[in-house]
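A.B. asks: Now for the letters of each chain:
2 protein chains.
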Amino acid sequence: MPGNLIDWQSLEEKTIIPGFHGKVAHSANMTFVLWRIDAGAVLPEHAHLHEQVVQVFEGEMELTIDGEVNKTFAGSMAVIPSRARHSAKALTACRVMDVFYPIREDYRPGGKPLIAIAAEQS
Amino acid sequence: MPGNLIDWQSLEEKTIIPGFHGKVAHSANMTFVLWRIDAGAVLPEHAHLHEQVVQVFEGEMELTIDGEVNKTFAGSMAVIPSRARHSAKALTACRVMDVFYPIREDYRPGGKPLIAIAAEQS
Numbered sequence: 001m002p003g004n005l006i007d008w009q010s011l012e013e014k015t016i017i018p019g020f021h022g023k024v025a026h027s028a029n030m031t032f033v034l035w036r037i038d039a040g041a042v043l044p045e046h047a048h049l050h051e052q053v054v055q056v057f058e059g060e061m062e063l064t065i066d067g068e069v070n071k072t073f074a075g076s077m078a079v080i081p082s083r084a085r086h087s088a089k090a091l092t093a094c095r096v097m098d099v100f101y102p103i104r105e106d107y108r109p110g111g112k113p114l115i116a117i118a119a120e121q122s
Numbered sequence: 001m002p003g004n005l006i007d008w009q010s011l012e013e014k015t016i017i018p019g020f021h022g023k024v025a026h027s028a029n030m031t032f033v034l035w036r037i038d039a040g041a042v043l044p045e046h047a048h049l050h051e052q053v054v055q056v057f058e059g060e061m062e063l064t065i066d067g068e069v070n071k072t073f074a075g076s077m078a079v080i081p082s083r084a085r086h087s088a089k090a091l092t093a094c095r096v097m098d099v100f101y102p103i104r105e106d107y108r109p110g111g112k113p114l115i116a117i118a119a120e121q122s
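First to last, the protein sequences are chains B and C. Per our numbering, numbering through the first sequence is continuous, rising by one, with the last residue being 122. Per our numbering, numbering through the second sequence is continuous, rising by one, with the last residue being 122.
No wet-lab data here; the hints were simulated from the structure. None of these values were measured; they are calculated from a predicted model. One or more of the hints may lead you astray.
Identical copies go unnamed one by one, so any copy, or any two together, can satisfy a pair.
Unchecked claim - SDA-like, lysine to any residue: derived pairs with alpha carbons at most 20 angstroms apart:
(1) Lys23 to Phe57
(2) Lys14 to Phe73
(3) Lys71 to Arg36
(4) Lys89 to Leu11
(5) Lys71 to Ile6
(6) Lys71 to Leu5
(7) Lys71 to Ile16
(8) Lys112 to Arg95
(9) Lys71 to Ser10
(10) Lys14 to Gly75
(11) Lys23 to Asp98
(12) Lys89 to Asn4
(13) Lys71 to Asp7
(14) Lys14 to Leu49
(15) Lys89 to Ile6
(16) Lys112 to Ile6
(17) Lys71 to Asn4
(18) Lys112 to Asp66
(19) Lys89 to Ala25
(20) Lys71 to Leu11
(21) Lys23 to Gln9
(22) Lys71 to Glu45
(23) Lys23 to Ile103
(24) Lys71 to Asp106
(25) Lys14 to Lys89
(26) Lys23 to Glu68
(27) Lys23 to Arg83
(28) Lys71 to Ala25
Model the full structure from these sequences, guided by the hints.
C.D. replies: This is the structure we're talking about:
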């Protein structure tokens, strides 16, 4: 097809940080990550220029954005603004989809870690 | 929260075209539409500048992009490039999420129909 039809089942899952197992797909402008997150897994605080929208399909996650703690739940959508500091803790096992704009170049095959890109842009 | 936590269940569903019942949420850069689509519903061919990514949660949909027919399925993601002509037919009842970049201004409250925006930009 002129666009792209992706079967999420066929994509390889990678443990990107401990407890966070993700499959990554890119469109022309956005990056999509389908996560399987272990109960208790913690994503340390960080920030990036990308706007990030989190669709929670299963489970509960504590999501802290610029110091405010929010409890996400299945059927919720959380918006993390560009450059907002954020961290996460999975209160239960979760299934989540992140949508990033612009593309997470660091999530492309062979992509540089985000910290290296940030250093180039600062 | 500094961002936004949205409960999809709390959003109003609107029948945007016959058989296509959608709930709409916007982030700073993207528009998200959670669709409940009736079996047999048809979306006539159209095009827009927005890139559109379709996450199929349930059901089967025939998605024609620039004349090529594709059969999407639960767990698939279809990418419709900016300005590509596309149409859809729900082969079964479907649950689907569309993600658009940039924002669908026509889906904001009081937004002008897309055709009016296109006329302004042409």
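A.B. asks: Given a CA cutoff of 20 angstroms, do Lys23 and Asp98 count as a within-copy pair, a between-copy pair, both, or neither?
C.D. replies: For Lys23 and Asp98, the Cα distance is within 20 angstroms both inside one copy (10 angstroms) and across copies (19 angstroms).
A.B. asks: Between the shortest in-copy and the shortest cross-copy C-alpha distance, which are at most 20 angstroms for Lys14 and Leu49: within, between, both, or neither?
C.D. replies: Intra 23 angstroms, inter 33 angstroms, cutoff 20 angstroms: neither.
A.B. asks: Cα distance capped at 20 angstroms. Does Lys14 pair with Gly75 within a copy, between copies, both, or neither?
C.D. replies: between (24 angstroms within a copy, 18 angstroms between copies)
A.B. asks: Under a CA distance limit of 20 angstroms, which applies to Lys89 and Ile6: within one copy, between copies, both, or neither?
C.D. replies: Between copies, since 19 angstroms is at most 20 angstroms while 29 angstroms is not.
A.B. asks: At most 20 angstroms between alpha carbons: which applies to Lys89 and Asn4, within, between, both or neither?
C.D. replies: For Lys89 and Asn4, the Cα distance is within 20 angstroms only across copies (18 angstroms; inside one copy 33 angstroms).
A.B. asks: What label fits Lys112 with Asp66 when the C-alpha limit is 20 angstroms: within, between, both, or neither?
C.D. replies: neither (25 angstroms within a copy, 34 angstroms between copies)
A.B. asks: Treating 20 angstroms as the Cα threshold, decide for Lys23 and Arg83: within, between, both or neither.
C.D. replies: neither (23 angstroms within a copy, 27 angstroms between copies)
A.B. asks: How would you classify Lys71 and Glu45 at a CA-CA limit of 20 angstroms: within, between, both, or neither?
C.D. replies: within (16 angstroms within a copy, 40 angstroms between copies)
A.B. asks: Quick one: Lys71 to Asn4, C-alpha cut-off 20 angstroms, is that within a copy, between copies, both, or neither?
C.D. replies: Between. Shortest inter-copy distance 12 angstroms satisfies the 20 angstroms Cα cut-off; intra-copy 34 angstroms does not.
A.B. asks: Can you tell me if Lys71 and Asp7 fall within 20 angstroms by alpha carbon in one copy, between copies, both or neither?
C.D. replies: So Lys71 and Asp7 pass the 20 angstroms test across copies only (11 angstroms; inside, 30 angstroms).
A.B. asks: Give the relationship of Lys71 and Arg36 under a CA distance limit of 20 angstroms: within one copy only, between copies only, both, or neither.
C.D. replies: within (18 angstroms within a copy, 26 angstroms between copies)
A.B. asks: My question is about Lys71 and Asp106: at a cut-off of 20 angstroms on alpha-carbon distance, are they close within one copy, between copies, both, or neither?
C.D. replies: neither (28 angstroms within a copy, 31 angstroms between copies)
Hint compliance for this structure: hints 2, 4, 7, 8, 14, 16, 18, 19, 24, 26 and 27 are broken, all remaining hints hold.
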